[in-house]
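A.B. asks: Chains as they are written, first to last, in our numbering: chain A, 826 to 1212; chain B, 47 to 147; chain C, 2 to 458.
The reader is advised that the hints may include incorrect statements.
[As the list claims (entries may be wrong)] Heads up, incomplete: computed chain A residues facing chain B, CB under 10 Å, no partners named:
(1) 987
(2) 1052
(3) 1055
(4) 1057
(5) 1082
(6) 1083
(7) 1125
[Claimed, not checked] Taking lysine-lysine and the PhoX-like style, the derived pairs with C-alpha atoms no more than 25 Å apart in a straight line are:
(8) C:75 - C:63
(9) A:958 - A:946
(10) A:1061 - A:958
(11) C:380 - A:1081
(12) C:287 - C:337
(13) A:1061 - C:380
[Stated by the list, open to error] So, partial list: chain A residues that the calculated Cβ filter (under 10 Å) puts toward chain C:
(14) 974
(15) 975
(16) 978
(17) 1106
(18) 1107
(19) 1111
(20) 1114
(21) 1132
The set of hints was computed from the structure by calculation and includes no laboratory data.
For glycine and all other residues, C-beta sits at the position ideal for the given N, C-alpha and C.
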Amino acid sequence: MSEKADVLIIGGGLMGAASAFFLRQRGLSVLLVEHDRIGQQASGVNFGNVRRHGRPAEQMELSNRAHEIWTKLPALVGEDCEFLRTGHLRVGYHEADEEALADYASSVRDFGLGLEILGRKALNERFSQVSEKVKVASFSPYCAHANPRITAPAFGRAAARLGAKIFEQTICESFGRAGADFEIHTRDGRRFQAATLLLTCGAWTGAMAAQFGETVPLAVRGPQMGVTEPMPYALKPVIGVFTEKLEQMIYLRQIKRGNVVFGGGGRGPASTATRRASVDPTITLNQFRQLRELVPALGRLRLIRVWSGVESYLPDDRPVMGESAAVPGLFYAFGFCGHGFQLGPGVGATMAELIATGRTSIPIAPYTIGRFGSGQGTERSSSRRLH
Amino acid sequence: MSFRRLAETERRAITFEVDGHAVAALEGDTYLTAIRIAGLALRRSEFGDGPRAGFCLMGACQDCWIWTQAGERLRACSTTAEAGTRLLTEPDAGMWPCPIS
Amino acid sequence: MPDIVIIGAGPAGIRAAETLAEQRLPVTLVDEGERGGGQIYRRQPAGFRRSYASLYGSEAGKAKALHDTFDRLKARIDYRPNTLAWNIADNVLHTVTGAVARRLRFDAAILATGATDRLIPVDGWTTPGVYSLGAAQIALKAQACAIGGAVVFMGTGPLLYLVACQYVKAGARVAAVLDTSPLSARHQALPRLLTSRPGLALRGLRLILQLRSAGIPVETGITPLAIANDGANVTGLRYRSSSGEIEELACDAVGLGYHLRPETQLADLAGCALSFDETSRLWLPKTDPDGRASVAGLYLAGDGARIAGADAAEISGRLAAYAVLADLGHGVPESKRRALHRAARRLERFRLALAQAFPWPHWLAGEIADEVLVCRCEKISAGELRHAATTLGAAELNRAKAFSRVGMGRCQGRYCGTIAAEIVAATCGRPVDGVGRLRGQAPVKPLPLATTAEEAA
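Work out the full structure: start from the sequences and follow the hints.
C.D. replies: In structure tokens, the structure reads:
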């Protein structure tokens, strides 16, 4: 059996599923091949932060494109994916954090985040659930959260309704060429062809890119997630700690059903070979301490489940996005360093635009895969401050 | 009345409170036993499908959590009742931030 | 000295601890209960006065022997009651006692984690007054109470008749015993039951005769329909008889249970391989005949490995301890080990015959109405699960969990997991082993966020 289309996407996470959806909207035919099921790994296990707050200015146009799409999910994909616009609160434990939060606010002031810096008095009035130990916070009113378990599958189903052909549990064994086209051979003997190939396999993309002569220093780790039993819905904004100390970094959100989802405080081991990632019990216990410090009432709750999944990280904390530097017709979108969920729909729209028109108005130059070859643009950004 | 005593009725009588109502118990009763003898429930389902009163009695189903007035929670099936304890079937205002309507 | 930890102080865990302590090996015994004994030989609270005979009937001698062994043993081992083993990985057991978390490094761990009731949802089963069969028995043994004034026992398996008889003997009113297994299955299994364990098989038959002579309606081959209620109390029960009639019974409590299911979470978290057991339609940890799991240093014993009852648990506890001894380079009494193997094989034949006599009624999965709650914790209905399996394309159980929330609640899928697999399988027309099983996720039971690590406490 051989299938042929305009674009062949390998990897059905949120990036691949959203790309398939927007490529179909632009009228290109699409084949999407997924090793397991749509949205099983990084796209399905992340915290669910739909957050612009804290992203660097260089990423804000991409993030804003995603922001627009998130608010239109019911019209676009037929469901809201539990998108809830609650705002996002970044809190600092030190008076001195105010300056850094204010500096950040001014760096992104042209992008419509509507940030407010809140002192102790304002926190008492508006966010009394956070501990007295919090000295200052930055509030982003338009940030939101959503359910990662259902979002990528919703994009996948919507893409399929628009005519994308999706092949789950289809394992790509090797790459080849069929004339000018890319061709992949699957373990069960099928072939898929297209003039354009988009690789969106998250942590697994590194090995594939290497086959095209492009090496990326991709690190594979797992987020450390947990969820409490349900309590009455009372904690409205997503809250994250602004800190230099990894062990203090914690982020949490309460879903409308009442459970409090949390993560942070380091990452655990993950493997592309076993496709599994684990939660370190020591990190879980540290998260408890940080949660009690941040919102004392959480000390009354119980943890009911932890999980992780395979995520990929790059040393400069930036993703890879755009056309291959080596092979014409080959595109990438992977390595989102633990903060790709909000970007996902915007990445899909941007990759579709880039593939369909050859250009995009979104500045993605910093994300070129070529940066690792030339050694440019690898300075570290403040990843620890995200969330 | 739900649970019925069949034996061991010679134990010392004690009382504790659930939502301000006195509940009679015998020393050695679990909270669940005494509350079910009184015909009461332990909590309401978080999702609006009615009262719950435990299910497995061996600490596995997690259906029988009940609040103490101090803001802790007890698994009623496996906690021995103590005289004078004040229990609440729902958290009160001091224990959890005010719900968003 | 090697570090050996045993999880669970029931018949399997106590016999394992005894066997190791006899060789003067240091043993840590972790148990969630306040008093050792486990569930089947559960001890009544201090101050209760009923005799062993009234509590445990024909098994009184075994219960007393186990308790006496445990009482002698306690001082010689590191016994940790009221302690939950919430996670296990890389030869470390993670426990919590109260709100203090501890790490126990081990060279060998025997998981003797026991079992919980296996359930099938029925309309109204979340109503106060509906309890598991195991719960009905615990109410009697540990609290000297009946779960109601007029109790119906519904489900299948030997425990159904045992608990009903224990209720009758204790003076409770049993309104009926309703068994989903057809009478023909029991007749077919009878020769195998009698040849493998004649004494126990006859005791089982006597239980049924005792119920009948007490005038209690006992029906076989029934289909549960609904537990009638007024929102807060049970008022009755509706079922379809084997002849197809819709019957209604008045009652104020229901004891529900369809055999037991092993508590395999720790084995799963430790990375032990599980395999599908066709007889019980359950996923069971793979072990060799001595209880060695697929992961070095891990051993399984008792109902947590496979449901075979208390006698088998004592045997497998001793065998697992022998396996630990052998693997640590100690001598093992070979003749005793062979005798235990012979006994275990006989009990295994009985287990298979019991499963034939009282089959797990997986066919009910198709009968559960869409509006019936499958997941008690998260309030997820059979219809929502079927929607995930069909419209959303989740023909695998963990996928169905991710989309529908079935099994995502406080109990971690203990009470809905096995039937959810049957519902997904029936809905998608797949064999039940083809839809997989719920993967274990820590914590084994809810862990207070107030928990602090011992070092920090």
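A.B. asks: Have a go at the residue 1106 (chain A) hint: is there a Cβ in chain C nearer than 10 Å to its own Cβ?
C.D. replies: holds (5 Å)
A.B. asks: Next item in the hint list is residue 1082 (chain A). Is there a CB on chain B closer than 10 Å to its CB?
C.D. replies: holds (7 Å)
A.B. asks: For the pair we were handed, residue 1061 (chain A) and residue 958 (chain A), check the Cα-Cα distance against 25 Å.
C.D. replies: holds (19 Å)
A.B. asks: Does residue 1111 (chain A) pass the interface check with chain C, least Cβ-Cβ distance below 10 Å?
C.D. replies: holds (8 Å)
A.B. asks: Given residue 975 (chain A) as an interface hint, is the shortest Cβ-Cβ distance to chain C below 10 Å?
C.D. replies: This interface hint holds because 6 Å falls under the 10 Å limit.
A.B. asks: Taking 10 Å as the limit, does the beta-carbon of residue 978 (chain A) come near enough to a beta-carbon in chain C?
C.D. replies: Constraint on residue 978 (chain A) satisfied, holds at 7 Å.
A.B. asks: Using the nearest Cβ pair, does residue 987 (chain A) come within less than 10 Å of chain B?
C.D. replies: violated (35 Å)
A.B. asks: Would you check the hint for residue 1061 (chain A) and residue 380 (chain C), treating anything up to 25 Å between C-alpha atoms as holding?
C.D. replies: Distance ~23 Å between residue 1061 (chain A) and residue 380 (chain C) Cα, so the pair holds.
A.B. asks: Given residue 1057 (chain A) was flagged as interface, is its beta-carbon under 10 Å from a beta-carbon of chain B?
C.D. replies: Nearest chain B Cβ about 4 Å off; hint holds.
A.B. asks: Assess, step by step, whether the Cα of residue 380 (chain C) is no farther than 25 Å from the Cα of residue 1081 (chain A), and give holds or violated.
C.D. replies: Distance ~14 Å between residue 380 (chain C) and residue 1081 (chain A) Cα, so the pair holds.
A.B. asks: Does the CB of residue 1052 (chain A) sit less than 10 Å away from some CB of chain B?
C.D. replies: Violated - the Cβ of residue 1052 (chain A) stays beyond 10 Å from chain B, reaching only about 14 Å at its closest.
A.B. asks: Do the alpha carbons of residue 958 (chain A) and residue 946 (chain A) lie within 25 Å of each other, as the hint requires?
C.D. replies: holds (13 Å)
When held up to the earlier numbered hints, the structure conflicts with 1, 2 and fits the remainder.
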